[in-house]
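> Top line first, the protein sequences correspond to chains C and Y. If you're matching positions, the first sequence starts at 1 in my numbering and goes up one per residue. If you're matching positions, the second sequence starts at 1 in my numbering and goes up one per residue.
What the hints contain is simulated information worked out from the structure, not anything from laboratory work. By construction, the Cβ of each residue, glycine as well, lies at the ideal position given by its N, Cα and C atoms. Watch out, some of these pointers could steer you wrong.
In silico lysine-lysine, DSS-like type, Cα no more than 27 Å apart, as pairs [said to hold, decoys possible]:
(1) Y/K91 <-> C/K283
(2) Y/K204 <-> C/K290
(3) C/K159 <-> C/K131
(4) Y/K265 <-> Y/K109
(5) C/K131 <-> Y/K265
(6) C/K310 <-> C/K131
(7) Y/K91 <-> Y/K109
(8) C/K159 <-> Y/K109
(9) Y/K265 <-> C/K310
(10) C/K283 <-> C/K309
Which stretches of chain C does chain Y cover? Using the computed rule of at least three CB atoms under 8 Å from a CB of chain Y, they are [what the hints assert, rightly or not]:
(11) 49-57
(12) 99-110
(13) 288-300
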Amino acid sequence: MARILVIGEADGGELTAPTLEILGGARRLASELGGDVALGLIGAGLGSAAAAAGSAGADTVYTADSESLSVYQTESYLPLAQAIVEQSAPSVVLMAQSSMGRDLAPRLATRLGSAVVMDALGLEVDGDRVKATRSCYGGNARQVVTVQTDPQLITVRAKAQDPMAPDASRSAEVIAVEVGERELRARTTGKELAESEGVRLEDAEIVVSGGRGLGGPEAFSDLERLAGVLQAAVGSSRAACDLGWYPPSQQVGLTGTVVSPTLYLAIAISGASQHMAGCGGSKNIVAINKDPDAAIFNFARFGIVDDYKKVLPSLESALAAALE
Amino acid sequence: MNVIVCVKQIPDPETPAAAFKVDEQAMQVMPAQGISPVISPFDAQAVEAALRIKDAAGEGSVQVISLGPDSARDAIKHSLAMGADDGFHLKDAAFEGGDAWTTALTLSKAIQHVGLPDVLIFGRQAADWDQGTVGSIVAELLDLPSATVLRAVELTDGGITVSRVVADGFETVELPTPCVLTISNEFGDPRYPQLRQIMLAARKQVVELGASDLGLDASEVGAAGARIQMHALFQPTSDVEVEIIEGDTPDEKAAGLVNALRAAKIL
Ligand SMILES: Cc1cc2nc3c(=O)[nH]c(=O)nc-3n(C[C@H](O)[C@H](O)[C@H](O)COP(=O)(O)OP(=O)(O)OC[C@H]3O[C@@H](n4cnc5c(N)ncnc54)[C@H](O)[C@@H]3O)c2cc1C
Ligand SMILES: Nc1ncnc2c1ncn2[C@@H]1O[C@H](COP(=O)(O)O)[C@@H](O)[C@H]1O
Numbered sequence: 001m002a003r004i005l006v007i008g009e010a011d012g013g014e015l016t017a018p019t020l021e022i023l024g025g026a027r028r029l030a031s032e033l034g035g036d037v038a039l040g041l042i043g044a045g046l047g048s049a050a051a052a053a054g055s056a057g058a059d060t061v062y063t064a065d066s067e068s069l070s071v072y073q074t075e076s077y078l079p080l081a082q083a084i085v086e087q088s089a090p091s092v093v094l095m096a097q098s099s100m101g102r103d104l105a106p107r108l109a110t111r112l113g114s115a116v117v118m119d120a121l122g123l124e125v126d127g128d129r130v131k132a133t134r135s136c137y138g139g140n141a142r143q144v145v146t147v148q149t150d151p152q153l154i155t156v157r158a159k160a161q162d163p164m165a166p167d168a169s170r171s172a173e174v175i176a177v178e179v180g181e182r183e184l185r186a187r188t189t190g191k192e193l194a195e196s197e198g199v200r201l202e203d204a205e206i207v208v209s210g211g212r213g214l215g216g217p218e219a220f221s222d223l224e225r226l227a228g229v230l231q232a233a234v235g236s237s238r239a240a241c242d243l244g245w246y247p248p249s250q251q252v253g254l255t256g257t258v259v260s261p262t263l264y265l266a267i268a269i270s271g272a273s274q275h276m277a278g279c280g281g282s283k284n285i286v287a288i289n290k291d292p293d294a295a296i297f298n299f300a301r302f303g304i305v306d307d308y309k310k311v312l313p314s315l316e317s318a319l320a321a322a323l324e
Numbered sequence: 001m002n003v004i005v006c007v008k009q010i011p012d013p014e015t016p017a018a019a020f021k022v023d024e025q026a027m028q029v030m031p032a033q034g035i036s037p038v039i040s041p042f043d044a045q046a047v048e049a050a051l052r053i054k055d056a057a058g059e060g061s062v063q064v065i066s067l068g069p070d071s072a073r074d075a076i077k078h079s080l081a082m083g084a085d086d087g088f089h090l091k092d093a094a095f096e097g098g099d100a101w102t103t104a105l106t107l108s109k110a111i112q113h114v115g116l117p118d119v120l121i122f123g124r125q126a127a128d129w130d131q132g133t134v135g136s137i138v139a140e141l142l143d144l145p146s147a148t149v150l151r152a153v154e155l156t157d158g159g160i161t162v163s164r165v166v167a168d169g170f171e172t173v174e175l176p177t178p179c180v181l182t183i184s185n186e187f188g189d190p191r192y193p194q195l196r197q198i199m200l201a202a203r204k205q206v207v208e209l210g211a212s213d214l215g216l217d218a219s220e221v222g223a224a225g226a227r228i229q230m231h232a233l234f235q236p237t238s239d240v241e242v243e244i245i246e247g248d249t250p251d252e253k254a255a256g257l258v259n260a261l262r263a264a265k266i267l
């Protein structure tokens, strides 16, 4: 039987959105492969998240639950992930392309004698393999790849899979994994939360993003005001972050956050492939750029060719009036 | 403090989209006319991080390793011109067609061959395939602690303190040496080699190593040893046609956009 193991994440007692999406994707793969879905959770206070796993698509939940696991650390999570894989014996292991997934997946794959494909956009069954489509060359190309060894590990991009409609009639057996104590070589000793007010970038239905063409950090306050009107999150290009105009946590793109809102408003952003790698999945892109030949217009549904400084005040009042 | 940095030569990631072409049959990216390959940008930052560690320690060496065809030599030369001390080029027909696993396996053997350093530095990801796994795989193979996607690295009494870029901010991680670090763009710009350094680097010896020098069998490396198989490589197409909102004044354009968004039921 082909079992799919999702190594998921919980936050504040709930399964994260990417975990729910990947469980949805895992269900689909499991029905095609003729198998079942297990969820592995590592962390602290996992009770309510584990209880919700059944209705989200899991048949079995493995939990490694301990106060000592409240923050992700490579060396504390890795042996537990390994133990969960060994106990659940999956053919496919899926994880989110999150800060944890990026760090954990390649070490876990190696420890299991296998390999991992990172950041899949699409998953498709082919015989006993899962073909993953992923972005490469800074978003300029796509490749289709399979892991030839077992188990097949794949990390999955946010919003690339659809969560299941919650099914309260389903429940999952919860199996506790022994945690034990370990001496850690690398230790996480502190955390600095990026200040972010308002809507979280990855959850936002509307994102207003600014680039180098804004000309300075002050213009981001104008974007924040516009975002307030739209109940949107504010993002930025890497060029703007590298210049120190906006925090790196708000960077959209290949090496930043991947967003796929209903509306992505790109202001004074040129549309480089590495930026589009982070917002190309948006349902509608609107661009304001003074250069009619800017690449961003190749991806946009609507565009305004003008100096953003002239357009922004008018746009803010027109939107405020329209949304009243 | 001895540091080894692994660097890769790749097609320039800033190649304009219009010049980027894929050979779907060969599953390869075609070299763009007149645009030279470069050291992967995060790897140049990894070299910068290594040089700063050596400077801060006041002693030691920075050695660079690159696996690849003849062009990989340029990534090594670039690193030497930035200030690295020695270069090692892993070059063998048997290495061709490899994946992250065979690359990491080969690099880990080369690192043992050169001598395990205090710190091993990688880029967060090679800006060609954008996988971001080789550093962590090497760490696992050599059983070393690792910290990935770093914006800052500092030497301390007992070891190394780093700042990791994570989704909602930054984490501080303390590691002993030897350890593996991967560097992200938030680290800051790498130094740019001066003409004099480029000329000095051109004269430096680069040691070439093949599979047998590293005790590797041809069946373990390159396409023969690969665990990931590629089935297709193509360029995505965008089917959106932009509608430019016209108007004589910014007010008219803004109003036109809002109307268009409402008509399309986006608002
Ligand atoms: C390996 C790698 C990874 C990368 N990862 C990312 C990533 O994750 N995210 C990312 O964003 N980038 C990333 N980049 C950088 C990317 O290639 C571009 O350099 C960057 O996105 C450009 O940012 P920008 O559009 O703000 O700036 P620019 O390219 O400088 O564009 C500014 C735009 O503003 C317009 N403009 C100027 N003034 C005005 C005005 N007054 N009104 C209206 N428009 C105006 C200009 O016409 C221009 O189109 C990466 C690059 C590499 C090599
Ligand atoms: N062929 C190579 N030679 C030397 N170092 C490499 C090679 N491929 C990858 N690396 C290193 O591993 C990092 C991550 O690469 P990747 O996992 O391929 O994205 C790169 O930034 C380099 O530091």
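> Determine for every hint whether it applies to the structure shown.
Each hint tested on the structure:
1. Using a Cα cut-off of 27 Å, the hinted pair Y/K91 and C/K283 is violated, with the two alpha carbons roughly 45 Å apart.
2. For the hint pairing Y/K204 with C/K290, the CA-to-CA distance comes to about 48 Å; that exceeds 27 Å, so the pair is violated.
3. Between C/K159 and C/K131 the CA atoms are separated by roughly 18 Å; this keeps the pair inside 27 Å, and the hint holds.
4. For a cut-off of 27 Å, the pair hint linking Y/K265 to Y/K109 is broken: about 58 Å separates their Cα positions.
5. Restraint check for C/K131 and Y/K265: the C-alpha separation of about 35 Å exceeds 27 Å, so the hint is violated.
6. Only pairs whose Cα atoms come within 27 Å are accepted, and C/K310 paired with C/K131 is rejected, the gap being roughly 48 Å.
7. Of the supplied pair hints, the one linking Y/K91 and Y/K109 holds, its CA atoms being roughly 13 Å apart against a limit of 27 Å.
8. With a CA separation close to 39 Å, the supplied pair C/K159 and Y/K109 exceeds the 27 Å bound.
9. The hinted pair formed by Y/K265 and C/K310 meets the criterion: a straight-line CA distance of about 26 Å does not exceed 27 Å.
10. With a C-alpha separation of about 26 Å, the suggested pairing of C/K283 with C/K309 holds against the 27 Å cut-off.
11. A stretch counts as covered by a chain when three or more of its residues have a beta carbon under 8 Å from one of that chain; for the region 49-57 of chain C and chain Y the count is 0, and the coverage is violated.
12. Here the region 99-110 of chain C counts 8 residues with a CB under 8 Å from a CB of chain Y, which clears the bar of 3, and the coverage holds.
13. Residues of the region 288-300 of chain C lying with their CB closer than 8 Å to a CB of chain Y number 6, which satisfies the three-residue condition for coverage.
This entry does not satisfy hints 1, 2, 4, 5, 6, 8, 11, going by the numbered hints stated previously.
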